[in-house]
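What follows is the residue order along each chain.
There are 2 protein chains.
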Amino acid sequence: MVGASPYARKVLVFAAERGIRDRIEPITANPHERPPELVEENPLSKVPTLVDDDGVAHIDSLAICLYLDTLGEAPSLAPLNGPKRWPILRRHMLANGILDAAVTRRMESLRTPEPDRLAWMERQLQTTWRVLDRFELLADELGTEAELDTITLACALSYLDFRFADDGWRSGRPRLSKWHAQFEQRPSMLATRFPV
Amino acid sequence: MVGASPYARKVLVFAAERGIRDRIEPITANPHERPPELVEENPLSKVPTLVDDDGVAHIDSLAICLYLDTLGEAPSLAPLNGPKRWPILRRHMLANGILDAAVTRRMESLRTPEPDRLAWMERQLQTTWRVLDRFELLADELGTEAELDTITLACALSYLDFRFADDGWRSGRPRLSKWHAQFEQRPSMLATRFPV
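So the protein sequences, as listed, match chains A and B.
Numbering that gives the first Met the number 0 applies: residue 0 is where the first sequence begins, and numbers increase by one.
Numbering that gives the first Met the number 0 applies: residue 0 is where the second sequence begins, and numbers increase by one.
Think of the hints as simulated: they come from the structure by calculation, not from any bench.
The beta carbon of each residue, even a glycine, is placed where N, CA and C say it ideally should be.
You may find that some hints are simply not true.
[Stated by the list, open to error] Simulated crosslink set (DSSO-like; lysine-lysine; CA at most 27 Å straight-line):
{"no.": "1", "chain 1": "A", "residue 1": "Lys83", "chain 2": "B", "residue 2": "Lys45"}
{"no.": "2", "chain 1": "A", "residue 1": "Lys177", "chain 2": "B", "residue 2": "Lys45"}
{"no.": "3", "chain 1": "A", "residue 1": "Lys83", "chain 2": "B", "residue 2": "Lys83"}
{"no.": "4", "chain 1": "B", "residue 1": "Lys177", "chain 2": "A", "residue 2": "Lys45"}
{"no.": "5", "chain 1": "A", "residue 1": "Lys45", "chain 2": "B", "residue 2": "Lys83"}
{"no.": "6", "chain 1": "A", "residue 1": "Lys83", "chain 2": "B", "residue 2": "Lys177"}
[Stated by the list, open to error] Taking CB as the label site, the calculated pair distances span:
{"no.": "7", "chain 1": "B", "residue 1": "Ala73", "chain 2": "A", "residue 2": "Pro34", "range": "36 to 46 Å"}
{"no.": "8", "chain 1": "B", "residue 1": "Gln184", "chain 2": "A", "residue 2": "Asp165", "range": "32 to 42 Å"}
{"no.": "9", "chain 1": "A", "residue 1": "Ser170", "chain 2": "B", "residue 2": "Glu144", "range": "48 to 58 Å"}
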């Protein structure tokens, strides 16, 4: 979990600052090799991924920090209820944007031209397939309400239709297809269709 | 703000679902051209960026959704205090991971090989420089506390040292350099140094 990932480090620093570092048991994994034990918990195959004491996986360094912020007795380090929340979130997103750009640049610098470019795109596609398969299994949990998560998912699926229609993401995913077809009919979705 | 960005769409859908869509005045901008009015509000030059009634910019679609969730009288769509928060955050991050992979793939598909690969890396570097310049201006606001935002920033700067030492990010940014040198001495940072 540690190694060269700045996102994993962010989580470990956060835990240490809240005095709960020793409650985390790091497991080293190379996400690029998509180890089954990581993919099982997080189909994006990304680090950090945190499995809590109830066996629930927390995904993305921000979500993990928010979870760690609720453990132990130390003061909150991510006070998302008080007046400081917007400046803190703003700066977090800016700083995280640096990380994103740096990691992208790092990965670019390791790649050689054409064949690897295709391999890289194929990797992104495989990531997409893995997460869609997970959502196909979870389709019953999605429900029909519009919330942060369902909105994000619906937009993601519509974006695949918009940019990568030939992929045929619906094939073999009847429940997710049905869920999306229904959600797409919401006025909020109809009013924001991607350009043709 | 709308156009082809699935992240912008996510924000607009979220606003519509909470009945406050008409309180948002969309401005179309091409983030790849780095228009000054966008970069001023968000040095990452990314859409969506939301400027609220107090002139404060909210960055990143998740942060914007959390902010919109506090406006108006409708029920919360991103209930980050109740028992649903972890499954909601988990699914949000998974869905957003699809978006990230799809957008990356899309941008890859538009690029041609070698010279553009270098241009792409240069673009990531320029993004990094812009955000660092912003933090140099904001150095007094950072303080010495470890919170979600300062932890993320410190990890980002250390990652630049780790992977892109030749960039010399400290040049012309004395206040940020000083802030980072101090923050790096925290036990939590020392205990998580990147491998040499």
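Hints, one by one, checked against the model:
no., hint, in the structure
1, A/Lys83 x B/Lys45, "holds (23 Å)"
2, A/Lys177 x B/Lys45, "violated (32 Å)"
3, A/Lys83 x B/Lys83, "holds (23 Å)"
4, B/Lys177 x A/Lys45, "violated (32 Å)"
5, A/Lys45 x B/Lys83, "holds (23 Å)"
6, A/Lys83 x B/Lys177, "holds (24 Å)"
7, B/Ala73 x A/Pro34: 36 to 46 Å, "holds (42 Å)"
8, B/Gln184 x A/Asp165: 32 to 42 Å, "violated (53 Å)"
9, A/Ser170 x B/Glu144: 48 to 58 Å, "holds (51 Å)"
Going through the hint list in order, the structure does not satisfy hints 2, 4 and 8.
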